[in-house]
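Asker: Single-letter residue listing:
Protein chains: 2
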Amino acid sequence: MKAAQSFLALASREGIRACFANPGTSEMHLVAALDSAPAIRPVLCLFEGVATGAADGYGRMAQAPALTLLHLGPGLSNGLANLHNAYRAKTPIVSLVGEHATYHRANNPPLSSDIASIARPVSSWLKTVEVPNQLLDLALEAIQAARKTGPAALILPADVAWSDEELTPPTPRERREEPFDATHLEEAARLLGPRTLLLLGGRFLSAVACSAAQRIGAKTGALVLIETFPARVRREGPAAALRRLPYLSEMAASALANIDTIVLAGAAYPVAFFALPGRPTKLAPEHARVLDLAAPGSTIEGALNTLASVLQAPETEPSIVDRPARPENGGAIDPASLAQSIAATMPENAIVCDESNTAGLFCYDAAAAAPPHDWLTLTGGAIGQGLPLATGAAVACPDRRVLALEADGSALYTIQALWTQAREGLNVTNVILNNGAYAILRLEMMRAGVNELSEAANALFDLKRPAIDFCAIARGFGVPAERVETPTKLVAALERSYAASGPALIEVMIR
Amino acid sequence: MKAAQSFLALASREGIRACFANPGTSEMHLVAALDSAPAIRPVLCLFEGVATGAADGYGRMAQAPALTLLHLGPGLSNGLANLHNAYRAKTPIVSLVGEHATYHRANNPPLSSDIASIARPVSSWLKTVEVPNQLLDLALEAIQAARKTGPAALILPADVAWSDEELTPPTPRERREEPFDATHLEEAARLLGPRTLLLLGGRFLSAVACSAAQRIGAKTGALVLIETFPARVRREGPAAALRRLPYLSEMAASALANIDTIVLAGAAYPVAFFALPGRPTKLAPEHARVLDLAAPGSTIEGALNTLASVLQAPETEPSIVDRPARPENGGAIDPASLAQSIAATMPENAIVCDESNTAGLFCYDAAAAAPPHDWLTLTGGAIGQGLPLATGAAVACPDRRVLALEADGSALYTIQALWTQAREGLNVTNVILNNGAYAILRLEMMRAGVNELSEAANALFDLKRPAIDFCAIARGFGVPAERVETPTKLVAALERSYAASGPALIEVMIR
Chain A
0 MKAAQSFLAL
10 ASREGIRACF
20 ANPGTSEMHL
30 VAALDSAPAI
40 RPVLCLFEGV
50 ATGAADGYGR
60 MAQAPALTLL
70 HLGPGLSNGL
80 ANLHNAYRAK
90 TPIVSLVGEH
100 ATYHRANNPP
110 LSSDIASIAR
120 PVSSWLKTVE
130 VPNQLLDLAL
140 EAIQAARKTG
150 PAALILPADV
160 AWSDEELTPP
170 TPRERREEPF
180 DATHLEEAAR
190 LLGPRTLLLL
200 GGRFLSAVAC
210 SAAQRIGAKT
220 GALVLIETFP
230 ARVRREGPAA
240 ALRRLPYLSE
250 MAASALANID
260 TIVLAGAAYP
270 VAFFALPGRP
280 TKLAPEHARV
290 LDLAAPGSTI
300 EGALNTLASV
310 LQAPETEPSI
320 VDRPARPENG
330 GAIDPASLAQ
340 SIAATMPENA
350 IVCDESNTAG
360 LFCYDAAAAA
370 PPHDWLTLTG
380 GAIGQGLPLA
390 TGAAVACPDR
400 RVLALEADGS
410 ALYTIQALWT
420 QAREGLNVTN
430 VILNNGAYAI
440 LRLEMMRAGV
450 NELSEAANAL
460 FDLKRPAIDF
470 CAIARGFGVP
480 AERVETPTKL
490 VAALERSYAA
500 SGPALIEVMI
510 R
Chain B
0 MKAAQSFLAL
10 ASREGIRACF
20 ANPGTSEMHL
30 VAALDSAPAI
40 RPVLCLFEGV
50 ATGAADGYGR
60 MAQAPALTLL
70 HLGPGLSNGL
80 ANLHNAYRAK
90 TPIVSLVGEH
100 ATYHRANNPP
110 LSSDIASIAR
120 PVSSWLKTVE
130 VPNQLLDLAL
140 EAIQAARKTG
150 PAALILPADV
160 AWSDEELTPP
170 TPRERREEPF
180 DATHLEEAAR
190 LLGPRTLLLL
200 GGRFLSAVAC
210 SAAQRIGAKT
220 GALVLIETFP
230 ARVRREGPAA
240 ALRRLPYLSE
250 MAASALANID
260 TIVLAGAAYP
270 VAFFALPGRP
280 TKLAPEHARV
290 LDLAAPGSTI
300 EGALNTLASV
310 LQAPETEPSI
320 VDRPARPENG
330 GAIDPASLAQ
340 SIAATMPENA
350 IVCDESNTAG
360 LFCYDAAAAA
370 PPHDWLTLTG
380 GAIGQGLPLA
390 TGAAVACPDR
400 RVLALEADGS
410 ALYTIQALWT
420 QAREGLNVTN
430 VILNNGAYAI
440 LRLEMMRAGV
450 NELSEAANAL
460 FDLKRPAIDF
470 CAIARGFGVP
480 AERVETPTKL
490 VAALERSYAA
500 SGPALIEVMI
510 R
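Top to bottom, those sequences are chains A and B. Residue 439 in numbering that gives the first Met the number 0 sits at position 440 of the first sequence; the count goes up by one each step and never skips. Residue 323 in numbering that gives the first Met the number 0 sits at position 324 of the second sequence; the count goes up by one each step and never skips.
Extracted from the complex, chain A is given alone in its bound form (with noise of 0.2 angstroms):
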């Protein structure tokens, strides 16, 4: 097993210090090398869905990859959902993914299957180790194709990680950040004016380049708006307030009714997120000119600095904006009411890990006024991403709050994460806004123009008969939990997890 011993001892030379792990017997030789890594934390998770949302969350604050450890076919396919997510954050992340030995595949076992084919559309690196001399050349083209561009996948036969093959391992190369291409800031900088929108996006929005992009909208009159589902924000003083592009595509449509430019840094051009009969997918008028300030995904922060120089747009005044109150009712909770609990209370730096859909539409507006913090939302759409995101957010950073806010359907995805936040004692929070059903379906419907839900629609959307107990869950995977029905006291349970370590559940019974 030199050759397992060879892989990690490159991956910590790169940098690697964390591995999400479901292993089975075609990984046993890595599980067992671990012990000659001591710089990679193993990471145990229930579910290999819990592994890539972790390594998500914890590439996405570390800006650096984990590895996750996925058994061939099917502990790859449980883990695919959130690797769409981290696929569509372009978040580093490196999957070894373990395969039957080479001359096994052939006869086809019960655990074969097309690994590749599974794994193509959510990798934007992918390539399997045919015999032990290029483990290690591909191990570095992963971990630098993951920093690069996102999921990389590197499917290791189980008789390469088992040779005792010395292997010589690959010169390290210089990383260094791809300079912006800045052909476009000279046009973009005549284009911006009042009927301009500045669309931000990537992996991770600064504080620097939201402060830069502000700047430019306030000298210029643009529209900044950051994308629907951004990887990563963070917020901190007066740009804290810039504002998402509305989820719902009439919302976004009518936001941007009046634009004729669209300058993309770092994000997508704004598209519905489901077709709507009768309905537009592109959410700007037809006509409007599109000009790309940065690929989708990169880092943005240097072309916006550089455009805010060129336009001279000045610091923006600290604005004063007061922190919401705590709530002080008995009354039951809404969206409004969870929305300024949160905001009343984050502590500072903390990290936001929002799959609060319907419930939480509040939440991140609200938050603008907290002390500063991270804000990092649900990407690709696949549900079942909150838990396993704070899960790796909490291990990237032991030293601050994670706070998951979490719809009670996403949370039923991969609730097991629940049990790896206790087996690590990691500070997260999480939040879970029990209103009994699939909220965002019934509006879907409404939307997609179904106006009465049939009986069988009612009954599909329904999260009540029975009831679930998030606090028997929670308790059942070692996390300690409490139910609350009303502002008061859930601004109370928020302050007890925040000034105790180790994690916490509160179930929010949302009206």
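Derived by calculation from the structure, the hints in this document are not laboratory data. Hints may contain errors.
Intra- or inter-copy, both count: the list cannot distinguish identical chains.
[Unchecked claim] 20 angstroms max Cα-Cα, derived EDC-like pairs, lysine to aspartate or glutamate:
id, residue 1, residue 2
1, K488, D180
2, K281, E164
3, K1, E454
4, K1, E451
5, K463, D259
6, K281, E484
7, K463, E423
8, K126, E327
9, K126, D113
Since this is a predicted model, take the numbers as computed values, not measurements.
Put chain B on the given structure of chain A with help from the hints.
Answerer: This is chain B only, laid out in the frame that chain A set:
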């Protein structure tokens, strides 16, 4: 949405009676249309892996396809591991995968991915409907393919589903069983002898098929074995004692050491589950001649019956095997007393869904003396199958008791299945074998030649830190639960669950 309604009308006509669903926006019109097809029972699952596993259990028992409703690439991905198991079992399933409207795909919205690439490795049939007037022809093709060869995937863009075009259903085609290929019968009859292995497999080993095979063995002296992980075996009468090829390749190779001829009846050539350093992956001697009596996965009742007649194999005398007595002791539960407890109490006509891995190793042989029953196993090795499989089997056979024998680690993959059992009032006894570990991996590591578990390995195979409380989790999902630590209490709990209706969970603490 006439198209969606026409599709469901055709599915009803073709004998589809259940739809395991976890729908999303792209499937709205199908959900809305379900009221127009009252013959199809919609069953809501909290995770797609539950939906596909349930469709597998349903299809194995009903021998007819269920529908699954999956939400684009990520929904399919979540259901993929259990579709892998179903693909290996050749279970009839029609997976309906919702896709973006045809004209929206090019926009590459966040939930887009290459659905076909993900589906292909687990589909016996796979097509995308591009225009409404293809829908019903392709739907009929999918249903027929599912009946014949296993999981079929029909990718259905939203604008096809919501179309109001009038569609004419294709004429029903006569269904007929393919006659078996008798070419090799005479040769098989000649070859069968004391050094022959008759290996049984396929979709369904009926009582008739098992009995014929047993008689052939008695007459010719051939070794008759069932493949290691059969899709479904009906066990009644003397043939219930037929054994399965051992999982451990060392044991299997030793059982087959003297074989010089292999007659395959619906089974594939026996190979190791995993390759191990320095060990053969083909389990029979290299020189052994191989004869295919039927293609892998075929129904082999006819072939075996005819073969038994050709050989003039007499009826087997009913053997008198005593059913094991209820264990009566207050000690700890080990695999032997577990097997005894199960065999001693199993009700008439039970359906056993066996994902018990290490702890349940002796249950199958012990249950040979239990009343007639069906036994379903982990055909594809993708764990997380058991609880969903039991859920679907119970939907197919509401008058029978389903017994899920479930390893702790595997149970945690798709634990959400419990909620569907509670919601639908399904008669499932979920026996969770809690040994606080991925015990199989400890074993596999030894077999892989790593004799001393590293610190990392010990940590990654451990499920005790923190201990998982399955009873709390079950109650959270609405299923009554109890924990037992002695055989006496296990027997009492089993009998209590068999006497009641609806689901129950028994957490068995295994030594």
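Asker: With identical chains, the pair K281 and E164 could be close in the same copy or across copies; at 20 angstroms between alpha carbons, which is it: within, between, both, or neither?
Answerer: Classified as neither; 55 angstroms inside a copy, 25 angstroms across copies.
Asker: Regarding K463 and D259, is the shortest C-alpha distance of 20 angstroms or less found within a copy, between copies, in both, or in neither?
Answerer: neither (47 angstroms within a copy, 60 angstroms between copies)
Asker: Checking K1 and E451: alpha-carbon separation at most 20 angstroms within a copy, between copies, both or neither?
Answerer: between (64 angstroms within a copy, 16 angstroms between copies)
Asker: Is it within, between, both or neither when you check K281 against E484 at 20 angstroms Cα-Cα?
Answerer: For K281 and E484, the Cα distance exceeds 20 angstroms both inside one copy (40 angstroms) and across copies (61 angstroms).
Asker: Could you place K126 and E327 in one of the four classes (within, between, both, neither) given a Cα distance threshold of 20 angstroms?
Answerer: Classified as neither: same-chain Cα gap 56 angstroms, cross-chain 56 angstroms, threshold 20 angstroms.
Asker: How would you label the pair K126, D113 (within, between, both, or neither) given a Cα cut-off of 20 angstroms?
Answerer: both (13 angstroms within a copy, 18 angstroms between copies)
Asker: Have a look at K1 and E454 and pick one of within, between, both or neither, based on CA distance no larger than 20 angstroms.
Answerer: Between copies only: 17 angstroms across chains, 60 angstroms inside a chain, cut-off 20 angstroms.
Asker: My question is about K488 and D180: at a cut-off of 20 angstroms on alpha-carbon distance, are they close within one copy, between copies, both, or neither?
Answerer: Classified as neither: same-chain Cα gap 51 angstroms, cross-chain 71 angstroms, threshold 20 angstroms.
Asker: Check K463 against E423 for me: Cα-Cα at most 20 angstroms, and say if that holds within a copy, between copies, both or neither.
Answerer: For K463 and E423, only the inter-copy Cα distance (13 angstroms) is at most 20 angstroms; the intra-copy one is 32 angstroms.
Violated hints for the displayed structure, listed by number in ascending order: 1, 2, 5, 6 and 8.
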